[in-house]
Amino acid sequence: MEKLLLLGDEAIAQAAIDAGLSGIFAYPGTPSTEITEYIQASKEAKEKGIRSNWACNEKTAMEATLGMSYTGKRAMFSCKHVGINVAADPFMNSAITGVNGGVIYIAADDPSMHSSQDEQDSRYFADWAMIPVLEPSNQQEAYDMVHYGYELSEKFKTPVVLRVTTRLAHSRAAVNIRRNARKQNEIKLLDNPKQFILLPVNARRQYNELIAKQEGLENAAMNDGFNKYIDGKNKKIGIIACGLSFNYLMENYQEEACEYPILKISQYPMPVEMVNRLYEECDSVLILEEGQPVYENKILGLLNKGKKIMGRIDGTIPRVGELNPAIVGKALGLKVSEGLPIPAIVAPRPPKLCEGCPHADTYRALNEAIEPHGKGRVFGDIGCYTLGALPPFNGISTTVCMGASITMAKGASESGFLPAVAVIGDSTFTHSGMTGLLDCVNDNASVTIFILDNAITAMTGTQKSSATGRIEAICEGIGVDPDHIKVITPLKKFHAENVQTIKDEIAYQGVSVIIPRRECIVWANKKRKDAKKQ
Amino acid sequence: MKIDIILCGVGGMGALSSAAIISKAALGMGMFMKQAETHGMSQRGGDVQSHLRLSDKEISSDLIPEGECDLIISVEPMEALRYLPFLDKENGWVITNENPFINIPNYPEKEDILAEIKKLKNSIVFDADKIAIELGNFKGTNMVILGAASKYLKIDIEQLEKAITDTFARKGEAIVESNINSLRAGRAVADKL
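Respectively, the protein sequence lines represent chains Z and R.
Here the first sequence stands for residues 1 to 534, numbered as in our numbering.
Here the second sequence stands for residues 1001 to 1193, numbered as in our numbering.
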């Protein structure tokens, strides 16, 4: 057996290669990015012809995943938790179509919001769609679950969600791998040609089939080995430990065995029979979930008339943020060690725009041009330039979701709030800014849209941007007047000139696009280094 | 045998590459390991950290429990203090460079930071940049710090040297030698104390 030192993300990627993957479809997003990057960099994947280019967004990526599965091949989709929102349409409906070749959707959740705008728990989405979930507790399980997930997917003709969280995604450990465990599937269409045609007449039948699958999926969760009932003598508390939380629980029992019965959960739908056994045998239940209290809520029910259920709802565990060994230890009344407090003089060191970043020059020019119009006029988006919200720039007033800068500026302008300015990155623009721009053009909205073109998807670590080389053509194609598509170079020496261009476009009553174009400094340095190596 | 280490610094300073060297050395000795890292937004000039856990037994948590960290290895003095809640306050050591990396307007006085470090039971704080520069290894601060920390690592320095050789082999013999010299110079600082 071969042993590799892998991040959780990399273990998933290697497993997919070993399990006969034909293609991965994804848009970068922390903490999921390294899965696709690993496959892109893998010589083995290249030799096997596994496709891995970045998609424009999560919706296009998931639909392509489904298309590959339609032909009988195994496909993978990967995103961060909020990416599932973007892909919600194919996500919900692919549960109803089901799959042909095996499909795994990776949802990388970010409790504590290390690099995200919320800490939504993808298990809610999967439960809603009735898609089974695998939630590994360690890197080895992540690896094994990809192999198992494809078998499960093909057996039940359903997509499978593999849910990881930041800690597992970005933590390294040794993993035993099974290289070339399986060949890629051949192209073979389904026997039932109507499965993927969700006309109401078919959809009603398919929906019933989806519901009928649930019993088998629950039995699999009970019998296939990832969920375990570990008995204990002390029945005062029964512990349900989901996913990664199992490790934090075990960390508290290094020297001796846990005295309480434990139900380790790594596969859903939740096996009700196992939960019931724990509930019946114990006086109370402690539920540990890395993320939101999805199953705590279910076990409590609306009225909570049964035994005491402890977790995030009753305050035994903090309501928000990721877990750790101390939180779990304290919940069990164990003595946990404490270090020293952080000295008061230690100042926070938030992330900031890099030295030499083109966005900094853009914000300096924009701030100067917009200053006479007062505060609150710049709508931001998601990427490195979101850091423009922080001092010294204080340059944007909103950041909500991918693409929302353009459409929020439009809505504001339509309430007579002029000027209204949007700031969006090149990759975010092709992710979900283009349709908003078309709305602006169709309504001839008075908005000035900055498309910050640094030629790369920078925040997630310099992935190829779908927008590179196409921005002007896209804007013209959508119908922006070419006289109001202005390219500027965000450099100090052009500052005065740039401020004037921005002032002119802000004064224009209509859709104008300004493209500050200069390469990301991190990317430029990386390229120079790579060139040196060769 | 079990050792829990936090490696820390500021994004872009290369603070975390020492973690890879230690991991390689530990794996060479057949130990179990887990290493949690910071990726994403924080890497843009923010504080970065890595929890590195080594043991001869299987390791449960990817995160080091509070109050149980044996060693904080830092290339920046204020960053070393940020992780004190994790330090084993009786037996744990803090090994850090003494030169601040100032990229925030409200960075405290250097003297105040060093005074806080001196309050700790076990610490080594020294000018690792100076040693690296004297050796002509301008990017070698982390190797000097790692050398000083090696005294408390429970990993033979030969194993670390082997790991450095493996890691930098691609870049040529001169780079390997320069990094090994930096490691040894750092170790000499710790041995003299």
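These are computed hints drawn from the structure, not numbers from a lab.
Because the structure is a prediction, the values reported are computed rather than measured.
By construction, the Cβ of each residue, glycine as well, lies at the ideal position given by its N, Cα and C atoms.
Take these hints with a grain of salt, some might be off.
To be verified - Below are the SDA-like pairs computed for lysine to any residue, each with C-alpha atoms no more than 25 Å apart in a straight line:
id	chain 1	residue 1	chain 2	residue 2
1	R	K1151	R	D1129
2	Z	K527	Z	G461
3	Z	K532	R	K1002
4	R	K1002	Z	M310
5	R	K1162	Z	L4
6	Z	K533	R	R1170
7	R	K1139	Z	R528
Unchecked claim - Far from chain Z, by Cβ distances over 10 Å, these chain R residues were calculated:
id	residue
8	G1011
9	K1034
10	Q1035
11	L1087
12	N1122
13	D1127
14	K1130
15	G1136
16	K1154
17	E1161
18	A1169
19	V1176
20	E1177
21	R1187
What the hints assert, rightly or not - Covered stretches of chain R, as calculated for chain Z (at least 3 residues, CB under 8 Å):
id	stretch
22	1053 to 1067
23	1093 to 1107
24	1112 to 1119
25	1146 to 1152
Please verify the coverage claim for the stretch 1053 to 1067 of chain R: does it have three or more residues whose C-beta sits within 8 Å of some C-beta in chain Z? holds (count 8)
The output says Q1035 (chain R) does not contact chain Z. Does that hold with a beta carbon cutoff of 10 Å? The claim breaks: Q1035 (chain R) does not keep its Cβ more than 10 Å from every Cβ of chain Z (closest is about 4 Å).
G1136 (chain R) non-interfacial with respect to chain Z [C-beta, more than 10 Å]: holds, 19 Å
Examine the stretch 1146 to 1152 of chain R: at least three residues should have C-beta closer than 8 Å to a C-beta of chain Z. violated (count 0)
Report holds or violated for chain Z covering the stretch 1112 to 1119 of chain R, Cβ cut-off 8 Å, minimum 3 residues. holds (count 3)
For the stretch 1093 to 1107 of chain R, does the count of residues with a C-beta closer than 8 Å to a C-beta of chain Z reach 3? holds (count 5)
Beyond 10 Å from every Cβ of chain Z: is that where the Cβ of R1187 (chain R) lies? The assertion about R1187 (chain R) holds, with a minimum of 25 Å to chain Z.
Just double-check V1176 (chain R) for me: nearest Cβ-Cβ distance to chain Z has to come out over 10 Å. holds, 16 Å
Hint consistency between K533 (chain Z) and R1170 (chain R) [alpha-carbon to alpha-carbon, up to 25 Å]: Since the Cα atoms of K533 (chain Z) and R1170 (chain R) sit roughly 10 Å apart, the hinted pair holds (cutoff 25 Å).
Separation of L1087 (chain R) from chain Z, once the least beta-carbon distance is taken, above 10 Å: At roughly 5 Å from the nearest Cβ of chain Z, L1087 (chain R) sits no farther out than 10 Å, so the non-interface label is violated.
Take the C-alpha atoms of K1151 (chain R) and D1129 (chain R), compute the straight-line distance between them, and say whether it is at most 25 Å. holds, 19 Å
Has the given pair, K1162 (chain R) with L4 (chain Z), been kept, meaning a C-alpha gap of at most 25 Å? holds, 19 Å
Taken one by one, the earlier hints fail for this structure at numbers 3, 4, 8, 9, 10, 11 and 25, listed in ascending order.
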